[in-house]
Amino acid sequence: MKNTIKIERAVKNITQEDLAKKIGVSRQTINAMEAGKYVPSTVLALKIAKYFDRKVEDIFELEDED
Amino acid sequence: MNTLKLLPNHFKKIGWIIFIPSLILGILSLTDILTLPEVSLPVFYNSGFPLSSEENGLFENTEITIFPNLFGILIIIGGILVGCSKEKIEDEYISSLRLKSVFWSLIATYSIILVLFLTIFGSLFFTAMILIMFLPLVLYVFRFNYLLLKK
Chain E
1 MKNTIKIERA VKNITQEDLA KKIGVSRQTI NAMEAGKYVP STVLALKIAK YFDRKVEDIF
61 ELEDED
Chain Z
1 MNTLKLLPNH FKKIGWIIFI PSLILGILSL TDILTLPEVS LPVFYNSGFP LSSEENGLFE
61 NTEITIFPNL FGILIIIGGI LVGCSKEKIE DEYISSLRLK SVFWSLIATY SIILVLFLTI
121 FGSLFFTAMI LIMFLPLVLY VFRFNYLLLK K
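Here the protein sequences come in this chain order: E and Z.
The opening position of the first sequence corresponds to residue 1 in my numbering, with each subsequent residue numbered one higher.
The opening position of the second sequence corresponds to residue 1 in my numbering, with each subsequent residue numbered one higher.
Incorrect hints may have been included.
[Claimed, not checked] Simulated DEER-style distance windows between Cβ atoms:
no. : chain 1 : residue 1 : chain 2 : residue 2 : range
1   : E       : 17        : Z       : 5         : 23 to 31 Å
2   : Z       : 10        : E       : 18        : 21 to 29 Å
3   : E       : 2         : Z       : 133       : 53 to 61 Å
4   : E       : 22        : Z       : 47        : 57 to 65 Å
[Said to hold, decoys possible] Within a straight-line C-alpha distance of at most 30 Å, the following computed DSS-like cross-link-like pairs (lysine-lysine) qualify:
no. : chain 1 : residue 1 : chain 2 : residue 2
5   : E       : 47        : Z       : 86
6   : E       : 22        : Z       : 5
7   : Z       : 13        : E       : 50
8   : E       : 22        : Z       : 150
9   : E       : 2         : Z       : 13
10  : Z       : 13        : E       : 6
11  : E       : 12        : Z       : 13
12  : E       : 47        : Z       : 150
13  : Z       : 13        : E       : 22
14  : E       : 22        : E       : 6
[Said to hold, decoys possible] Where chain Z lies over chain E, by a calculated footprint (3+ residues, C-beta under 8 Å):
no. : stretch
15  : 23-30
16  : 56-62
Because the hints were derived from the structure by calculation, they are not lab data.
Since this is a predicted model, take the numbers as computed values, not measurements.
Yeah, the Cβ is synthetic: ideal placement off N, Cα and C, and Gly gets one too.
Bound conformation, chain E alone (with noise of 0.2 Å):
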């Protein structure tokens, strides 16, 4: 699964700790999204969509090895 956090973090220009902070997660999550290596739950999906203002559709994408 792909996902545009780092692109809408650039836009909102947040960095990763802050973005953490204000979903309440760790650093290192983030930061493991971000990389490709880790696909959040749906509660944390929403979360995300929910901060940037946008649909979880918008962010989260299938690739096609999913």
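With chain E fixed as given, assemble chain Z onto it according to the hints.
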């Protein structure tokens, strides 16, 4: 978000303080660098050879090498405190790291045990098995913290 039931975060620091020194001392006590005294104490159960000897059984006095026992106890207590304390922010990704490290340490431990079963025989085998008892916990603690710190 559901996460595991764990001890509060400050237990982790206490755990490290107990775990690391006792691990080092425990390893040193296997070598000749540390010479440790034997202490005579009543123990809950003393078993030895020959099995018919009067000194075996419940609540007997026996010579114990008390320090290796103590180090073993402290390694377990320290390891549990480190391994079962929350991170500052314990979330779903941290839980997935825990799962990964437990699984990794299980596979690593049994791979080593398998090799030992095939290669070591005699009383050294039992000594090796005593040491192997600590391996799942020790490997989990180090693997988990390695994954946590790794970029």
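Here is how each hint holds up against the structure:
{"no.": "1", "hint": "E:17 <-> Z:5: 23 to 31 Å", "result": "holds, 27 Å"}
{"no.": "2", "hint": "Z:10 <-> E:18: 21 to 29 Å", "result": "holds, 25 Å"}
{"no.": "3", "hint": "E:2 <-> Z:133: 53 to 61 Å", "result": "violated, 44 Å"}
{"no.": "4", "hint": "E:22 <-> Z:47: 57 to 65 Å", "result": "holds, 59 Å"}
{"no.": "5", "hint": "E:47 <-> Z:86", "result": "holds, 22 Å"}
{"no.": "6", "hint": "E:22 <-> Z:5", "result": "holds, 23 Å"}
{"no.": "7", "hint": "Z:13 <-> E:50", "result": "violated, 35 Å"}
{"no.": "8", "hint": "E:22 <-> Z:150", "result": "holds, 23 Å"}
{"no.": "9", "hint": "E:2 <-> Z:13", "result": "violated, 37 Å"}
{"no.": "10", "hint": "Z:13 <-> E:6", "result": "violated, 33 Å"}
{"no.": "11", "hint": "E:12 <-> Z:13", "result": "violated, 36 Å"}
{"no.": "12", "hint": "E:47 <-> Z:150", "result": "holds, 25 Å"}
{"no.": "13", "hint": "Z:13 <-> E:22", "result": "holds, 26 Å"}
{"no.": "14", "hint": "E:22 <-> E:6", "result": "holds, 15 Å"}
{"no.": "15", "hint": "23-30", "result": "holds (count 5)"}
{"no.": "16", "hint": "56-62", "result": "violated (count 0)"}
Figure legend: structure checked against the earlier numbered hints; hints not met, in rising order: 3, 7, 9, 10, 11 and 16.
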